[in-house]
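J.: Which chain is which? The protein sequence lines are D and E, in order.
One point on numbering: in the numbering used here, the residue at position 299 of the first sequence is 299, and numbering is uninterrupted.
One point on numbering: in the numbering used here, the residue at position 93 of the second sequence is 93, and numbering is uninterrupted.
What the hints contain is simulated information worked out from the structure, not anything from laboratory work.
Check before you lean on any hint, since a few could be wrong.
Claimed, not checked - List time: in silico DMTMM-like cross-link candidates among lysine to aspartate or glutamate, alpha-carbon distance up to 20 Å: (1) E:Lys319 / D:Asp155; (2) E:Lys425 / E:Glu43; (3) E:Lys319 / D:Glu61; (4) D:Lys26 / D:Asp155; (5) D:Lys26 / D:Glu61; (6) E:Lys243 / E:Glu164.
Unchecked claim - Computed footprint of chain E on chain D, listed as stretches where at least three residues anywhere in the stretch have a Cβ under 8 Å from a Cβ of chain E: (7) 13-25; (8) 86-97; (9) 130-141.
C-beta: ideal position from N, C-alpha, C; glycine also.
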Amino acid sequence: MKHLLSVSDLDATAATGLLDTADRLKQALLGREVRKLPTLRGRTVITMFYESSTRTRVSFEIAGKWMSADTVNISASGSSVSKGESLRDTALTLSAMGADCVIVRHPASGAAHRIAGWADRDRASTGTHTSIVNAGDGAHEHPTQALLDAATLRDRFGSIAGRRVGIVGDVLHSRVARSNVFLLATLGAEVVLVAPPTLLPVGVAQWPCRVSPELDAELPALDAVMMLRVQAERMHGSFFPSAREYAVGYGLSADRAALLPDHAVVLHPGPMMRGMEIAPGVADSSASAILAQVANGVHVRMAVLYHLLAGAPE
Amino acid sequence: MNLLITNARPYGEGEPVSLVVRDGVVTEIGPGLSGPSETLDAEGLVLLPGFVDLHAHLREPGGEESETIATGSAAAALGGFTAVFAMPNTEPVADTAVVVEHVRRRGAEVGLVDVHPVGAVTVGLEGVKMAELGTMARSPAQVRMFSDDGRCVHDPVVMRRALEYASALDVVIAQHAEDHRLTAGAQAHEGVVASRLGLAGWPATAEETIVARDCALAREAGAALHVCHVSSARTVEVLRAAKAAGVRVSAEVTPHHLLLTDAALTGYDPVHKVNPPLRAAADTAACRAALAAGVIDVVATDHAPHAAQYKDTEWAAAKPGMLGLQTALSVVVHTMVEPGLLDWRGVARVLSQRPAELVGLPDQGRPIAVGEPATFALVDPDGVWTVCGAALASIASNTPYEGMRLPATVVATVLRGRITTRDGKVRT
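Produce the entire structure from the sequences given, and follow the hints as far as they go.
T.: Take a look at the structure:
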């Protein structure tokens with residue numbers, strides 16, 4: 001694996017391999033006084049975020065630090081980015097400085113693909129092999145989020161194949177939804193999307209999943225339900241009439257959560273809008289794996305860095 | 001301008017003939033003629049009337065880092081064109097007689113093709129206040145076509161007035177049909193590819209609704225409407241119905257909308273970003289069939305050079321547009337002639353005769369006959385070439401056909417008896 005740009009870069013074997021590595025790293029760190037492995041000592045990992053983010057950036061940073069990599073964080077403000085430098089020049093500059101891995105978040109879909117293409121093309125002149133990790137590009141993908149969701153489901157159920165996962169909310173603008181639909185399908189899960197038609201992309205019928213307008217009808221048969229964040233600005237685009245009506249139709253209230261089977265797990269990629277897409281009591285219930293997702297995020301990202309920079313273990 | 005062309009097959013038909021050209025006009029056609037000392041041996045070549053492009057962006061003034069009238073004229077001549085219409089979205093915008101006259105004069109100084117400036121419909125392309133269409137039409141530039149191309153004349157009142165006003169001047173309003181309310185933030189054809197790539201969808205309805213509206217307005221005004229770069233199958237249906245109802249509407253399709261689909265977008269290379277966007281295979285098929293049937297009248301390149309800095313970016317930041325002048329014939333041959341949808345006479349119709357008719361050019365797109373101007377493209381129907389953006393005459397190299405092997409080569413271009421290009425080289 002050279003870059004991680006999309007879950008489509010991963011077949012079932014590669015994805016499972018990453019999840020297995022994440023498990024092993026988690027075990028290796030358990031009960032250690034000093035949570036630091038020497039694996040990536042001397043390697044440089046740069047996070048380059050063109051969108052504000054706390055959890056993903058910190059999660060990658062901790063992942064790097066726990067494996068002894070040197071981590072550097074760059075955000076769009078306070079760097080040459082704000083002076084109008086092109087994405088290509090910024091990326092190649094970091095590559096030329098010897099970055100082993102650049103983790104990029106960008107509002108434009110495909111930004112990580114472009115950077116990976118430039119890095120490969122200019123490898124001869126920069127002399128560095130830089131791996132690119134997509135930490136969220138526009139409405140395209142957020143592959144490590146899908147991997148940490150898969151790790152969380154595997155923790156709960158032992159395996160993912162044959163499980164039914166509902167993904168609820170703003171699929172249209174969601175990179176989390178895209179990465180999850182395609183990764184879960186690769187791993188053999190059955191995916192159901194539940195959303196108002198305005199928040200589903202044209203073309204969704206050709207995705208490897210089913211679409212349903214009716215959340216209550218789906219809940220009793222789900223093993224897991226993933227609530228997507230609804231951005232407030234969507235309301236101004238007439239995607240739905242009001243926050244209230246959205247919450248009534250698609251929010252996971254306590255009553256609605258009671259329709260889930262006892263074993264079912266509730267996921268949310270965060271940040272949550274409590275009361276809108278998820279009721280506070282549901283987010284904090286025993287069915288909720290929201291904090292487990294965050295914890296798994298670090299291990300999954302350690303596994304990604306490990307596979308990219310040290311090579312997948314035999 | 002005297003010239004002897006030997007062994008040519010006009011429209012690829014019949015036995016080879018010779019043509020004698022004196023003072024830029026064909027004076028004799030027949031087997032084995034002799035005459036002027038300058039000779040063009042057209043053994044094995046198809047002789048066509050020189051091509052007329054109703055839609056090109058030559059970028060001058062203001063965008064000289066991407067193209068100039070000189071380099072754009074060279075690209076046109078090398079592509080077999082003898083007349084090119086230069087769109088007005090320059091800096092400054094070609095919305096006054098001063099700017100259109102500048103473009104015409106620069107074109108004449110370069111002298112490789114007839115450069116016809118297209119005037120803006122509205123001041124600054126802003127869609128609010130009508131530009132001085134009459135002054136531009138009556139200027140030495142003799143503007144024949146007006147367009148806010150790149151932007152749609154969105155306000156129905158402004159469009160109605162422009163159509164009405166243009167009808168008295170006997171000029172054409174060419175509409176870039178795009179309801180920008182439906183395409184706010186749009187990046188790629190709305191369909192399965194865009195949904196997977198997370199690119200905001202560009203619905204075909206944004207084109208279809210404006211074309212339907214404008215056909216209704218043109219019908220009421222009795223005015224001539226030209227629809228730029230048709231990209232969708234349902235736009236074709238709207239045009240078919242309007243033409244059947246007697247509306248004076250004509251339409252163009254670009255070579256890239258005949259050949260390429262949104263399947264090309266998967267690597268996020270903005271060389272494939274264009275407005276309107278590359279659409280689905282059903283749309284390219286509908287455009288080909290419509291061009292063959294005459295529902296779409298002409299092929300126009302929408303040649304849109306962009307220097308590397310405007311394309312070597314993330315997809316959303318890149319400017320839309322692609323080169324087209326030097327590849328147009330080959331793409332038409334590949335998509336229309338090879339599948340049997342057009343013969344060489346049909347190629348002459350869509351690339352030369354019909355576009356010249358639509359804008360009333362008296363000396364372009366003419367039949368190959370005695371007494372007619374010697375304005376030709378000589379095409380090797382068996383030629384094959386590999387596209388290389390850096391080798392094209394344009395300053396920019398944003399061709400979507402990089403590395404593609406395409407059929408048919410332009411061996412020579414002749415403008416009123418003067419050879420402008422021969423064997424891939426410009427003759428000045």
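J.: Please go over all the hints and tell whether each is borne out by the structure.
T.: Evaluation of the provided hints:
Straight-line distance between C-alpha atoms of Lys319 of chain E and Asp155 of chain D comes to about 46 Å, which puts the hinted pair past the 20 Å bound. Distance hint between Lys425 of chain E and Glu43 of chain E is fulfilled; the C-alpha atoms sit about 19 Å from each other, no more than 20 Å. Straight-line distance between C-alpha atoms of Lys319 of chain E and Glu61 of chain D comes to about 35 Å, which puts the hinted pair past the 20 Å bound. A hinted pair counts as satisfied when its Cα atoms are at most 20 Å apart, and Lys26 of chain D with Asp155 of chain D qualifies at roughly 12 Å.
Between Lys26 of chain D and Glu61 of chain D, the direct Cα distance comes to roughly 16 Å. Compliance with the 20 Å bound is thereby established for this hinted pair. Straight-line distance between C-alpha atoms of Lys243 of chain E and Glu164 of chain E comes to about 19 Å, which keeps the hinted pair within the 20 Å bound. Counting residues of the segment 13-25 of chain D whose CB falls under 8 Å from any CB of chain E gives 0; the rule of at least 3 is not met. Evaluation of the coverage hint for the segment 86-97 of chain D: fulfilled, as 3 residues show C-beta separations to chain E shorter than 8 Å, against a requirement of three.
Here's how the segment 130-141 of chain D fares: 5 of its residues keep a CB closer than 8 Å to some CB of chain E, so the rule of at least three is met and the hint holds.
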